[in-house]
Each structure stands twice: as C-alpha cells, then as structure tokens.
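Trainee: Using the sequences provided together with the hints, build the complete structure.
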Amino acid sequence: MNRWWQLILCLVLAGWQLAGAQETATDPPSYKIPSGEDISSNEGIATYREQYRPQQYFPESAAWVGADIAMLAAILLLGCVMVWRQVHTRHFWLPAVLSLLYFGFLRGGCICPVGSVANLAIGIRHPERVGLSTGVMFLLPLAVALFIGRVFCIAGCPLGVLQHLLGGRRSHTLPPLPHAILRIFPVITLVATAWLALRGTCFLVCLLDPYKTAFFLGYGWIERIFHWLHGGLVEPGVLRVGDLTSWGIFAAAVLLGRWIYRPFCRFVCPYGVLLGLFSMVAFKRRRIEQSQCVQCGICEKQCPVDAITRDPKTREYTISSYHCIQCNGCSSSCRKDGIH
Amino acid sequence: MNPGRRRFIQFGGRLIGVAALGGTGWRIFTGSDPDAVFSQPTGPYVWRINPDKCTFCGLCETACVRFPSAVKAVNDQKKCSYCVACYGHLSDLHISSEKIQSEGKRVCPYDAVARREFSGGKDGYHIYTIDDAKCTACGKCAKRCNKLGTKSMFLIIRPDLCIGCNRCAIAAVCPEQAVEWAHSYPEDDFRGDYELEHAAVGSDEGERATS
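Those protein sequences? They're chains A and B, same order as listed.
Position one of the first sequence corresponds to residue 155 (this note's numbering), numbered consecutively onward.
Position one of the second sequence corresponds to residue 64 (this note's numbering), numbered consecutively onward.
FYI, nobody ran anything at the bench for these hints, they're computed from the structure.
Misleading hints may appear alongside valid ones.
[Stated by the list, open to error] Residues on chain A that point at chain B, a partial pick, calculated with CB under 8 Å:
no., residue
1, W159
2, I199
3, G289
4, C356
Cβ atoms here follow ideal geometry from the backbone N, Cα and C, with glycine treated the same way.
Mentor: Now the structure itself:
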C-alpha cells in the first residue's frame, strides 16, 4: 500500500475526530406538540394524553441484513477470484478498501465475524438471540475457507484490512520461540471468548479489539452525514468517539503493525483459528510444486505471516494452510511460477 | 505419510467441517426454543436502560463510546402531570408563573427541557418535552422528576443512535446494572406499563407534590 494513501487514511480519521460540525438541528423529526386549539375537544389535556403515542426509534432497517450479506458475498467472491487467478498481491487493496468502507466505516465494524464468535457461542444455547446477518457473517467465510482457504482474512475482514492498509511494507520475522508461543494465543482467545460469552461475563474478543474506535468514529460520522442529507436530527457540536485511552491503544496497535504484519490477526484473532482449521482441509490449498522449486527462499522471506517454512531434513519449503492468509505474495514473487 | 491415509484424513476433515457448518447453521437458524417465541416478542435485541433500576447518576453522559452520548432523556406524556412549574424544568419552583419562561432558573445546563403552554393560560396545562438535539444525558431533569415529581422523565438508549457494541461501555460502568440487552419496543413507552397515579391533575401539581 502506497504511503500517501496510508497518510490520507490517517488524516481522514484524524479529521473526523477533530472536525467541528457546528450545524444545529433546525427541524427535529420528533412528534409535533399540538396546542390546545388543535384538539377539538372539551377535555383538551385528557384527549392529548389519550392520543399520545410514544415515539418509536428503530434500530436499523431490515434491509441492512440483505445488504450486509450481499456485500460480504460480493467481497468474498472477488477475493476468491483474485486468489484463483493468482492476481498480484498489490491489487488486493481493492477488496480491502471496499471492506473497510462498508464493514468498517459504514457499518461501524459491528457485527464483524471476529466478534460473532462470541455471539455464536451464545447462539448455540439461545438461538433466538442470533440474527440472520450474524449467523451468515460467521458461517459464510468458514464455508469459503473450506473451498479455497482464508480469503476472508485478506479481502473481507474489516480488522484485517485496516491492519493491511496501515501496515508497514516489510514484515519483520520474530525470533522462533516467542513466535511459537504467540501463535498459541489465538487458540486461548477462542476458548476464553466462547467460555466467557456462555458464562455471560463479557465479550472478550470485542474488548481485545484495538481498532474498534476508528470504526465507531467512521460509523458516527457517516450516520451524521446521512441524517444531515435527509434533513433529520443532527446533534450539534463535535462528534467524538472514544477517549484518549482507546485512541492510544489504537495508535499503539497501528504502530506495532508497522513492524509486525497484522499483529492482531496472527496473535489474537480467535476467528482465524476456525478459518485456519477449515483451510487445512480445503479443496484448493496453496502449495509449492517441488518439481519446479529451486529452493531460492524468496517466498519464505516475503511471506508476511511466516506461513512458509523449510524442512531442515529434506530442505523443502512447505506452506502451512493453517497460517496462510492467501495474500498471493508468494505466487507473485516466485520466479519459477511454482506456487499455486 | 501414505497417500491413501492422507486422502482419508482429508476426507474425514472435510466431512467434519461440513457437518460442523451445517450443524451450527441448523441450530442457529431453526433451533429456537418454541416456548421462546411466545414468551418473548420477536424483534431485534438492543441495549436499553431498565428505568426501575436507573438512579440517574449521569454516568451515561460520559461512559458511552459516542460523544454526544446515545442516551437521551425523554418525558413520558402519559405520566406527565403537565404542571405549571416542573421539577425537571426549574431548579427553584418559588417563582411566579408569569416569570417562569423568562427568568426561571433551569435544571438543564443546556436548556433542553422545553415548556409549552397547552391550554388554560399561564396557570393551565403545560407540556414538557426534551429537545434531543440539546440533551447530553446528564440525567439532572430525570433525577429531580423522579425524586420530587411525577416520575415521568427517564433516560433511554436511543436505538437509532446506539452503535450496538457487543459489550456496552455504559453497562460496564453502570453501578446499578440497569443497562440490559433486551428486545426493542417503543422507547418512550416506559416498559409499556402505565401507572397513572395522578389521573386528575391540577395546575397546582408541583405544589401538591411538595406538601
């Protein structure tokens, strides 16, 4: 991702947070208060009380469910085609930006499949508490992973694409022992998230998500722009989301991502464990043709998630389907065209 | 590893995967408890404040991830007594009724509680509404109304403003655990039940409540 674009994305977030919208609500859409003369009755106030209907505020239109599912399917399909056709890794900004705009900023990063792990854990016990979009959000990327691997991670996940777009150009490999220990963390998070959600204690994965502040901010501002365009209620003053702590955590996570590619995806995300398990038995798995491989090691060096390892005995390179996020980086860099 | 064995493990893995996906989907989309349909209204779940537990401490104003908060104060018109002088509107009720509109000292720091004459002149019925564009959910009006008045004002989480976090930041700090995850219904509705204790309201409602 071009540095200028990264700068622009940061500036948009900062601008949202700082910009002062001083517009005031001119015509709030609340019910009209009648005056005494409007009600043609002798018992004015009693009639008013009788006729009063509480104002109802609707969470969101049911059409969003269809839009969410359609958008998720479209982005996943685009990602699948790009992985299947071996498109160069630099072109993955397209599904990434689509996903960031729609699932990140327009829908506020909620519900995301990462958080839906907790919702689904509750849903196994109380199915009526899980909506259609949450269920599809959880199941569809897993179904895709069963066919072609973790396409969702590179193309569809709002958290993943934010880390991808704001990440550094080169990923630095961690020392082997800390890396091996850190890779166990997502499994612990998965078990803990499901357990704590079932116990009703908390949504652990939502607590751990450092990027939610940016999504909430985008959601708030896009909603405000929609309301302003429709002439509806616009709250006066500056809309700020999150406090200094949450923005500090966001900045720390983004800065960490400059040195380590996708720190959240690789060392925290519980949904990645499930996607990885399904990818291990996927029908189309990325693999290195040993007949074409000259063991140059370029693929191992460029793999941003360190999924490519070398067997010390046979000296052959292999790709771990569990860790591979299908970024096409290895197949783009292979001089022998030996990775499919 | 022997290729036949590898293929068998792959096949078994895929079978387990398909079964897990199918089973989860079946459970989520069709497995609702038949009793639950009758015991609970269908509709989306939202974060809401239980008015019976709320003490109007004002944490909602600052705890919400949004600023201004998604919480707003509302006045239930079915419970309101339409007083001349309202506890949620004026901080000092000892004022003549002509001067309320111009000189009355307001409870709300943002002057969000609006007072309108309905009928009967300056000592008649007045309608109180809360301007949601000004309200910041400090809860001062609702606190006074519930402590001294007719308990018609209360705080709601507006579903259209609420982002619907999986974990509500207000619920995390609420000292009374009043924020709950429940089915949505008309938000001004005060949980749908009306206890019209002051059915016959008079212009001296404010003074009556004091005595």
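Trainee: Under the constraints set out in the numbered hints, which ones does this structure not fulfil?
Mentor: 1
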